[in-house]
Each structure stands twice: as C-alpha cells, then as structure tokens.
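From first to last, the protein sequence lines are chains A and B.
Quick note: the first sequence uses our numbering, first residue 1, plus one each step.
Quick note: the second sequence uses our numbering, first residue 353, plus one each step.
One or more of the hints may lead you astray.
Which chain B residues stay away from chain A? Per the calculated CB distances, all over 10 Å, these [to be verified]:
(1) G355
(2) A446
(3) A449
(4) G605
(5) A609
(6) K663
Only some residues are given here: those of chain A computed to face chain B with a beta carbon under 8 Å [claimed, not checked]:
(7) V61
(8) P91
(9) A94
(10) A99
(11) P101
(12) G103
(13) A106
(14) F107
(15) P263
(16) G268
(17) V269
(18) H289
(19) L296
(20) S299
(21) V300
Only pairs whose alpha carbons sit at most 30 Å apart, straight line, appear in this in silico DSBU-like list of lysine-lysine [unchecked claim]:
(22) A/K84 - B/K663
(23) A/K183 - A/K259
(24) A/K134 - A/K84
(25) B/K663 - A/K277
(26) B/K611 - A/K259
(27) B/K663 - A/K259
(28) B/K611 - A/K311
(29) B/K436 - A/K84
(30) A/K277 - A/K259
The hints are simulated quantities; they were obtained by calculation from the structure and are not laboratory data.
No residue lacks a Cβ here, since even glycine has one placed at the ideal position from N, Cα and C.
Number of protein chains: 2
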Amino acid sequence: MAGVLNNILELVGRIAPSRHSNPLLAYVRLRAGGGALTFHATNEQVDLEARLPWEGGPFDVLLPARLLVQQGHEAELLGLEGGKFRLRSGPVEAGLAYAEPEGFPAFPEVGEAFRLPVEALLEALGKVRYATAKEEYRAIFLGVQLEFSSRGFRAVASDGYRLALYDAPHPAAVEGRVVVPRKSVDELVYALSQAEGEVGVGLAPGMVGFAFRIQGAEVRLVTRLLEGEFPDYERVIPNPNIFAATVRVQASGLREALKRLAPLTDSGVRRVDVALKPGGLSVEVQGDHGEARAWLPASVEGEGTFAFNGKQLLEALPMEGEVRWGFAGGINPTVIWQEGEGYRAVVVPLRV
Amino acid sequence: MAGVLNNILELVGRIAPSRHSNPLLAYVRLRAGGGALTFHATNEQVDLEARLPWEGGPFDVLLPARLLVQQGHEAELLGLEGGKFRLRSGPVEAGLAYAEPEGFPAFPEVGEAFRLPVEALLEALGKVRYATAKEEYRAIFLGVQLEFSSRGFRAVASDGYRLALYDAPHPAAVEGRVVVPRKSVDELVYALSQAEGEVGVGLAPGMVGFAFRIQGAEVRLVTRLLEGEFPDYERVIPNPNIFAATVRVQASGLREALKRLAPLTDSGVRRVDVALKPGGLSVEVQGDHGEARAWLPASVEGEGTFAFNGKQLLEALPMEGEVRWGFAGGINPTVIWQEGEGYRAVVVPLRV
Numbered sequence: 001m002a003g004v005l006n007n008i009l010e011l012v013g014r015i016a017p018s019r020h021s022n023p024l025l026a027y028v029r030l031r032a033g034g035g036a037l038t039f040h041a042t043n044e045q046v047d048l049e050a051r052l053p054w055e056g057g058p059f060d061v062l063l064p065a066r067l068l069v070q071q072g073h074e075a076e077l078l079g080l081e082g083g084k085f086r087l088r089s090g091p092v093e094a095g096l097a098y099a100e101p102e103g104f105p106a107f108p109e110v111g112e113a114f115r116l117p118v119e120a121l122l123e124a125l126g127k128v129r130y131a132t133a134k135e136e137y138r139a140i141f142l143g144v145q146l147e148f149s150s151r152g153f154r155a156v157a158s159d160g161y162r163l164a165l166y167d168a169p170h171p172a173a174v175e176g177r178v179v180v181p182r183k184s185v186d187e188l189v190y191a192l193s194q195a196e197g198e199v200g201v202g203l204a205p206g207m208v209g210f211a212f213r214i215q216g217a218e219v220r221l222v223t224r225l226l227e228g229e230f231p232d233y234e235r236v237i238p239n240p241n242i243f244a245a246t247v248r249v250q251a252s253g254l255r256e257a258l259k260r261l262a263p264l265t266d267s268g269v270r271r272v273d274v275a276l277k278p279g280g281l282s283v284e285v286q287g288d289h290g291e292a293r294a295w296l297p298a299s300v301e302g303e304g305t306f307a308f309n310g311k312q313l314l315e316a317l318p319m320e321g322e323v324r325w326g327f328a329g330g331i332n333p334t335v336i337w338q339e340g341e342g343y344r345a346v347v348v349p350l351r352v
Numbered sequence: 353m354a355g356v357l358n359n360i361l362e363l364v365g366r367i368a369p370s371r372h373s374n375p376l377l378a379y380v381r382l383r384a385g386g387g388a389l390t391f392h393a394t395n396e397q398v399d400l401e402a403r404l405p406w407e408g409g410p411f412d413v414l415l416p417a418r419l420l421v422q423q424g425h426e427a428e429l430l431g432l433e434g435g436k437f438r439l440r441s442g443p444v445e446a447g448l449a450y451a452e453p454e455g456f457p458a459f460p461e462v463g464e465a466f467r468l469p470v471e472a473l474l475e476a477l478g479k480v481r482y483a484t485a486k487e488e489y490r491a492i493f494l495g496v497q498l499e500f501s502s503r504g505f506r507a508v509a510s511d512g513y514r515l516a517l518y519d520a521p522h523p524a525a526v527e528g529r530v531v532v533p534r535k536s537v538d539e540l541v542y543a544l545s546q547a548e549g550e551v552g553v554g555l556a557p558g559m560v561g562f563a564f565r566i567q568g569a570e571v572r573l574v575t576r577l578l579e580g581e582f583p584d585y586e587r588v589i590p591n592p593n594i595f596a597a598t599v600r601v602q603a604s605g606l607r608e609a610l611k612r613l614a615p616l617t618d619s620g621v622r623r624v625d626v627a628l629k630p631g632g633l634s635v636e637v638q639g640d641h642g643e644a645r646a647w648l649p650a651s652v653e654g655e656g657t658f659a660f661n662g663k664q665l666l667e668a669l670p671m672e673g674e675v676r677w678g679f680a681g682g683i684n685p686t687v688i689w690q691e692g693e694g695y696r697a698v699v700v701p702l703r704v
C-alpha cells in the first residue's frame, strides 16, 4: 500500500492550500468503512478524492494536510486509537491529533457521461496548456477549452496572440464546451500522468469531473469552470491549401537552437528572424548583448524571411520528431503541426 | 574541453553576483594568451580564478556572467573576432558583446604556505559548517574557524549553543587561525567537491587562499576573513572520562527517526525526549499536532532521560555508520563522535 499511498498523499497535498481564508481547507478529510479509505482535499477550485481498499474504521476525521503527507510517506496507516490517528513507519509510531469533519465542504458530485483514454486526454492537455494567457487580458483565455462531440474531442488554448489545439478522434456521448482554469489543468495533468486506462468525464453546471484509477485507487477530480467560451478562433487558422511556403524540420533541433538564442534577444518582443532557404532554415537574433545564428537542415518549399517572438516559437514546439510549418506569407499566421498527430499551433509573425 | 568548461562556468557563475552596488561584478574577466585562458569572478568577499590550457588570444575582456554561463554551456570557445567574443554550440554560433577590463578588481594574490589533501579539507568543512550561527548573535560565529599547526588542522563551528569540530592529522607549515564566512565556506565546499589531489593553502592579512585542480584547470579561491577568533570553546567539551552514560547507535537510524519526528515537535525549542534504556534508545515527541515515538536498538551503558532540540540533534549527525554519544549527566553538554574519525559535535540538553 505504501506506493499508492505515497502517490495519493502527494496528490491531496498539492490540492490542499496551506493558506486560505477558510483554514479548514488546510485539512484532508479521511473517511474509512466498508472496506475502503477515502481522502478528500479541496481548494474550492479543485476537489480531489481518492479511494483505496482498506480494512478498518469506521471513522470520519480531518487531518492537517501538510502533516499527513509528511507522516504518511512510506508509512502504514493503523487507524484511530486512543484519540489519535495512528501510523507506523520503520521504528517510528506516530499519533496525529485530528479534528471533526463538520464544516468541511462536501465533495461535488458529478455523474459520468462518457469515457476517454487517459493517454489521449493527458496528451491533449499537456500539449496545449502552454498557450493560455499568463495575465488577465480576456479572462476566458486563462483556461483551456475542452470541446466534446460525437466526432471527437478537442483541447484549445490561446492568449489572444497565439493558439494551440489538439484534436483526438475519441467521440463523447454528449456535446459540450467547457473552459478549465489553467491551474486546474495543471493538477489534472499531474494526476493523469500517474493514471492508466480510461477516464470518465461528467459535466454539471459550472463544473467538470474526471474519474480514473491510479495503482488501484479510484480517483475523482472535479474542477470549477471559467464562465463563457472562446471567441471563434477557427477563422484565424490558415487553410493549409493557401500556404505560400512549407518547411519540414526536426522539432528538437529547432527547439535547442531557440533555447540557445533566446538569452541574446532583447526583452519585449524577443525577436528571432527565420529565413527559409534551399535546404534549411537560418535562425538569427541580434540584441544589446550580442548576436547569434543557427543553420538547421530542413526540407523547404518556398522562401521568405519572417520574424517571431522567440519564446512563443519555442513554446509552440512541445514535441519530438519532424514538424511541419506552414507560412501563409507576410504577417499572416503560420501553423505548426505533425503528420498524423492531433496537435496544431498557430504562431503569428511579428510586424517589423 | 566542454566538460571542464561547463564546470568552470558554473563556478564563476555562482560567484559573480547578479545584483551588486558595483555593476562590474556581474561580469567575468577572461584573459587569454601564453597557452592559457583565465576566468576571474568576484563578489568582493570571494574571488575565484580558473585557468585552462587554451591556444588563442591574446585578449583581456569582460563578459556578462549570466550570459557567458548560458552561451558557454556545452560550447566551444572561438575567441575574439569582428568585435565580438565568439562561441559555437551544435548548429549555433554566437557573438557576445564584451566590455573592457578597466575597473574590474585585481585578483588578490595570496602565496602558498602548505598543502593539504583536498578530501580532508572538504570533509572537515562539509561536516562542521551546519553549526555556524544563522543570525548575528556574535559576528564571529557566522563563520568556520580553521586552525593550522604542525600537529594537524581543525575546522570548528558554533552558534554559541552547539559546536562541531573536525580534527585532521595533516600538519601545516605555518601556525594560524582564520575564520572563513559561512557563505565562502559553501563556495569552497562546492568547488572542492569537484577537485582532486591536494589543495595549496596560503594566508595573507585578512584573507586566506586555496589553490587546487578541477579536471586539469588550475583553480584559485581567495576569501576575505571574519575578524577575530572564537572564544575558548575547549572548556565546554566534556572529557570522555567523565561520561556518566554512553551510547552506540547507527547514525542513519537515529537521523531518519528524528526527521520523521521533527514535524510533530512544537516550534521554538522543538523538544525531543531521548531515554537511554537497556538495549536501545527511546525517542519521543509530543506537540499540539500529535505525538510520536521511536525505538532504536543501541548499545547503552548507563541510563537517563534527556531533552534536546530535535533540529540541533539531527544536524549533529551528518555521517554514516555507528556513532558514539557520551552523556555527562543532567544538562551538561553531550558529545557525539565516531571511532577513528575527526568529527566531534557538542549538543547541550534542554533545561526542562
């Protein structure tokens, strides 16, 4: 049990806030009985519940999250005894003071509408989340939009200047669009990265819920949503048929070059010049501290020189293998994608 | 050259301060010529110089430390060309803007008086540095005292409440006591951990210098000293002949138990009760959040119960294997040491 318990404690420890206007949220609720032990942590934005097979109880108590994570690591849970919650680790036996569960928020129940492969949802969220807004420009851009339909599902993120989306062919039994706050996406990605099999998805007013398994534990994560939906972004994505130039290049090579070049760009637009030439890309920067250039072998059709925000371009390359990059000319949006993959990024050249 | 260059850049990057009233210190001075390339960084407390075999130059320039570390990582240095300092890494060739060396502090020259094994000095500093004061109670306690004599050398640190010392049998050609600031000790330990062979030591007014080799590079580190010397600490170290009780216990077991117990102690004195019993130690804590106890098998001669600051006790155990622990009774100082090792720690029981 130690392995799965360590993982579950880490998950609930991430959710429970150490500082919050409601001090009860610094606790984890533990309920035992009927052959199971259930952990519940919440920060009012995200609720996480994990249910493990466990013979003991019945009890229903609150334990300080930070202390439970520390004392529970590599430990065996013994249950309530002598007015304390007892656990044992090697030569140490500890008894933690607990509180009564009154006042702790109830877990928000969200039914299950359909199931998706864990891997597909994880890949979709993991690939697009970088493109969310970092500042509140338009509040809706502070989250990732999930679009469910009978044709498949899509994750899309944008900050109003660039956009990333991921299409997966897995159909959903319901149609719907929800915008999940970036922080909740991060927690979901963290939890899903330890899960396997399928994830059950359910929608409720203002909430979306995910149910999955981590090493035999049943985990449910419910997050509040951002209100509203994305503006019509489809129209900014260029049609591949109109590309004036296309490039095939290794993602890792371009990424490594941009990482090396980035510190030499001037802050602000972080300008990087990309020149399409026969047989490769020339990538150049010039700044107050110096200059640098890289030559990356590539299959290039067409020509032209384009300026980009180097940080945005680097972030748009979260993959391995060969990427395709389509240029619609001038300062029209460019598209980065991979053959046979669901990921697409829209990166707009700088007006220089 | 990439391996040693990475290490040298990391060392100079640690020394050069990113914020300082003298903005020149954010630079590293590079001098080339005569078959060598020399790096010099300083924060006015510590000067670090590294000299590598290198065919190129001559030149003498300043480069921004942060940028040099980034661009130099895994790179090949090409030298000055076209008014820039040029380097190459994979497909990227960069040219960094440099400044003239006027105004950069000269490296403080300190001769070499004697040599010690790197390993012995590293072990001594690494083992005692935890015991330095964290706050300015008496300024002299903010450093580690090094004592050199024909009988050997000693490193000693104290915060006025606890003490750690390390005796090494390696004789020095000069007698002397210097107090090295904790921050300088940390930099020296970091650098020495990559060195091998011997370290040359030299003393000058207000300074001590160390010369050693890292992967063929000649490295010199000179640090300013704290003024003054430690008060007579010998008299607080109990004579082993008067111990009322002694314990032999595995350091790792006691350390792991204390780590697990520490979060349950109340802040402030962090009281941990240690009871000497036939066949073992009982270690207990009680606090607002709960209680815990551990039983550690040990060879125990004598008996008694003693209270300690759990954090101090944990820090006094920076070793592996069996430790000896001598108790002089009551709240008299206790001593922790290892048979055949130079390390000794003085930990004083709490008055309860």
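Cross-check of the supplied hints:
1. G355: Given that every Cβ of chain A is farther than 10 Å from that of B/G355, nearest at about 18 Å, it holds.
2. A446: At about 4 Å from chain A, B/A446 fails to clear the 10 Å cut-off, so the statement is violated.
3. A449: 5 Å, violated
4. G605: B/G605 not clear of chain A: closest Cβ-Cβ about 7 Å, inside 10 Å.
5. A609: For B/A609, whose nearest Cβ neighbour in chain A is about 5 Å away, the distance does not exceed 10 Å, so it is violated.
6. K663: 15 Å, holds
7. V61: For A/V61, the interface hint is violated, since the closest Cβ of chain B sits about 12 Å away, which is over 8 Å.
8. P91: With a minimum Cβ separation of about 4 Å from chain B (threshold 8 Å), the hint on A/P91 holds.
9. A94: Holds. Min distance 4 Å.
10. A99: 11 Å, violated
11. P101: Violated - the Cβ of A/P101 stays beyond 8 Å from chain B, reaching only about 17 Å at its closest.
12. G103: 19 Å, violated
13. A106: This interface hint is violated because 25 Å lies over the 8 Å limit.
14. F107: Because about 25 Å separates A/F107 from the closest Cβ in chain B, which is outside the 8 Å limit, the hint is violated.
15. P263: 5 Å, holds
16. G268: Status violated, d = 17 Å.
17. V269: With a closest approach of 19 Å, the A/V269 hint is violated.
18. H289: Hint on A/H289: holds, closest Cβ of chain B at ~5 Å, below 8 Å.
19. L296: Holds. Min distance 6 Å.
20. S299: 16 Å, violated
21. V300: 15 Å, violated
22. A/K84 - B/K663: With Cα atoms ~24 Å apart, A/K84 and B/K663 stay inside 30 Å; holds.
23. A/K183 - A/K259: 25 Å, holds
24. A/K134 - A/K84: 44 Å, violated
25. B/K663 - A/K277: Violated. B/K663 to A/K277 sits at ~63 Å, over the 30 Å cutoff.
26. B/K611 - A/K259: Violated, because 40 Å separates the two Cα atoms, which is more than 30 Å.
27. B/K663 - A/K259: 42 Å, violated
28. B/K611 - A/K311: Status violated; Cα separation ~42 Å.
29. B/K436 - A/K84: Roughly 68 Å separates the two Cα atoms, so the pair is violated.
30. A/K277 - A/K259: Holds. A/K277 to A/K259 sits at ~21 Å (cutoff 30 Å).
When held up to the earlier numbered hints, the structure conflicts with 2, 3, 4, 5, 7, 10, 11, 12, 13, 14, 16, 17, 20, 21, 24, 25, 26, 27, 28, 29 and fits the remainder.
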